[in-house]
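Peer 1: Spelled out, the chains give:
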Amino acid sequence: MNTDSKHEQGRRDFLKHGAAAATVAVAPGVLLHAVNAKPREEPVTDAVRWGMLVDTTKCADGCNACVEACDQENGIDMMLKPASADEAEWERQKPRWIRKVKVKDNLTEKVTNLPLMCVHCEHPPCVDVCPTGASFRRADGIVMVNRHTCIGCRYCMMACPYKARSFIHESVQYQLTAVPRGKGCVESCTFCVHRLDRGQTTTACQDACSREGHKAIVFGDLRDPQSEVSQVLKRYPSVALRADLKLNPGVRFAGI
Amino acid sequence: MKKIRFREWGMEGPRYWGLLAVLGALVAIGGLSALYMEHEGHWVTGMNNQVVWGTPHVFAVFLIVAASGALNVASMGSVFGQKLYKPLAPLSGLLAIALLVAGLLVLVLDLGRPERLIVAMTTYNFKSIFAWNIYLYTGFLAIVAVYLFTLMERKATPYSKGVGLLALVGRLALTTGTGSIFGFLVARQGYDAAILAPMFIIMSFAYGLAIFMLVMMFAFDQDERPIGEKLIGRLKNLLGVFVAAIFYFNLVFHLTNLYGTENHAYEVFILLNGGIYTWLFWGGWVLLGNLVPMGMLYHPALGRSRAAIAGASVLIILGGLAAMYVIIIGGQAFPMSLFPGQTIVESGFFDGVNGAIATYSPALPEALLGIGGIALALLLTAIGIRVLRFLPESLADEAIDPHHAKV
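The listed protein sequences derive, respectively, from chains A and B.
In terms of this note's numbering, the first sequence opens at residue -15 and continues consecutively.
In terms of this note's numbering, the second sequence opens at residue 116 and continues consecutively.
Some clues are possibly wrong.
[Claimed, not checked] A few chain A residues that face chain B, going by a derived Cβ cut-off under 7 Å, partial list only:
| id | residue |
| --- | --- |
| 1 | ALA67 |
| 2 | ASP70 |
| 3 | GLU71 |
| 4 | GLN77 |
| 5 | ASN90 |
| 6 | GLY136 |
| 7 | ARG138 |
| 8 | TYR139 |
| 9 | MET141 |
| 10 | GLU154 |
| 11 | TYR158 |
| 12 | PRO164 |
| 13 | ARG165 |
| 14 | ARG219 |
| 15 | SER222 |
In case anyone wonders, no lab produced these hints; they're calculated from the structure.
A virtual CB, placed ideally from N, CA and C, is assigned to each residue, including glycine.
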């Protein structure tokens, strides 16, 4: 899906949701939209903790499917390079929620491929340092940013040991209604929270990895002993990145 | 010792307005730069997702640190009873407020969403050192304002020692908070050190005093008020001690790091092959910012020259900016240890591939915003001393030194 059709899709979604919205004219040409969003049926509780296992042994060298899927799902591919921006500099400034990393062990020279994203810590440093509390952890373990109260101080980016966050360096022209974005705010992987809140149970990266036939990403409820992610975590050895920091991340890695 | 009289600054009209015009223009340029960066977004700066705090933070943190240090002269007078410094207390307090306001403004104008300052003032996460700092900074401004009142209003003078003590505690808390912004960051190798808090305090002593001395010498020179040799001599010796203390803290910081193997890569980066950061560390911070001014201040002949003392103060300030650049930007440019024991050989997000340092080159508007901040601090001071009686008529030894007659 290219940017334009994606934009159209976003617009259609907006109009669809807009059908339930009451529109009030307060002055000629000035409209107030009071959106009657469907009330969430159940509040988020800590009965669920969303988590993920990345099996690096199944992650294919050169495959970028998870990254592309995340870009599409979260409207990152709709971000346009400012006309006069330098190409190389823009690469360093545009948002990135998930990236492929290849690491080599210093002693054994074993090479490992893996996707890296926000690992949704139980004790997230980004939440600790945020002055306004915009960076927060939901009861179900998802760490995210409240775009209404983020002042763009970027202290969370300084504090995150996984370099998982991105700052929006430019004006946002196109975005998806499900994934709001604004210049001057910080954002990162949300475990596709908009999907989960609609009752779906998978993330875009996981789906893409499965579609490619690798199945390196398993996502689910860590509190449910019957969930696939709980089962595989129980069965196979896995590690937390930077386990020394004792942040108890919700994303674990096998095979490193 | 005569009674100390205070008088408004009497720099002659045209020159004074000229000074205000130059400072005002620099402030305006800084303001326009901030507007440009906010309007376009941070892509017009050199900042990116790897180096998220750039040159504005270098200036802002420097100004905030210097602000608390500028109050030292007042503390020595009011709290520690050094009569020699008492006539300088009002200028010391004014400079502290001006520097802090300027530093905070630079910091706020570099936010992604500066218009949401009201959110930062009303919504707090008390686990964040930033949130504490909002209280520490505004509290410090309020305490120093009250302190100035007790110094300048005769009826309130009996309270000046008590309020001065509160201001001293406030300034120590403030700089501890500023140092801890970095000291509390466990994620990055260059930070995460408790020594950063006391090191920032000692830096504030030196940078604040260097700025104070330059402002004092310039202001007194302009309307021909005398400054005695004894006062200058004491202040410059104190400045030398503070600079030596920075050197000591810097040494301990790096020696501690060098002892632990996990920090060797970071030390090699800062001390040996970090490019601009290594140059700024040795050339800017250590040599021009510490060793040369120390030599000048304690040199038997240069130490008596006011031009040399002013020169040393300028070097200390430039060295301070270099130190901030090395700490703040160098600390981010050094790749994070995402996978201890492994080397990242490929990455889709500039994760320090094969140890590569993150790219950052400051853009002009960032520097202009920072320079505008310095100009604002000086502008506020220039206006303050012109309209209110901040400056004593004379700082000649016989006017301020209680022991002068005995010598």
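Peer 1: Each hint: holds or not?
Peer 2: Here is how each hint holds up against the structure:
{"no.": "1", "hint": "ALA67", "in the structure": "violated (11 Å)"}
{"no.": "2", "hint": "ASP70", "in the structure": "violated (9 Å)"}
{"no.": "3", "hint": "GLU71", "in the structure": "violated (12 Å)"}
{"no.": "4", "hint": "GLN77", "in the structure": "holds (5 Å)"}
{"no.": "5", "hint": "ASN90", "in the structure": "holds (6 Å)"}
{"no.": "6", "hint": "GLY136", "in the structure": "holds (2 Å)"}
{"no.": "7", "hint": "ARG138", "in the structure": "holds (4 Å)"}
{"no.": "8", "hint": "TYR139", "in the structure": "holds (6 Å)"}
{"no.": "9", "hint": "MET141", "in the structure": "holds (4 Å)"}
{"no.": "10", "hint": "GLU154", "in the structure": "holds (4 Å)"}
{"no.": "11", "hint": "TYR158", "in the structure": "violated (15 Å)"}
{"no.": "12", "hint": "PRO164", "in the structure": "violated (14 Å)"}
{"no.": "13", "hint": "ARG165", "in the structure": "violated (12 Å)"}
{"no.": "14", "hint": "ARG219", "in the structure": "violated (24 Å)"}
{"no.": "15", "hint": "SER222", "in the structure": "violated (15 Å)"}
Hint check: violations occur at hints 1, 2, 3, 11, 12, 13, 14 and 15; the rest are consistent with the structure.
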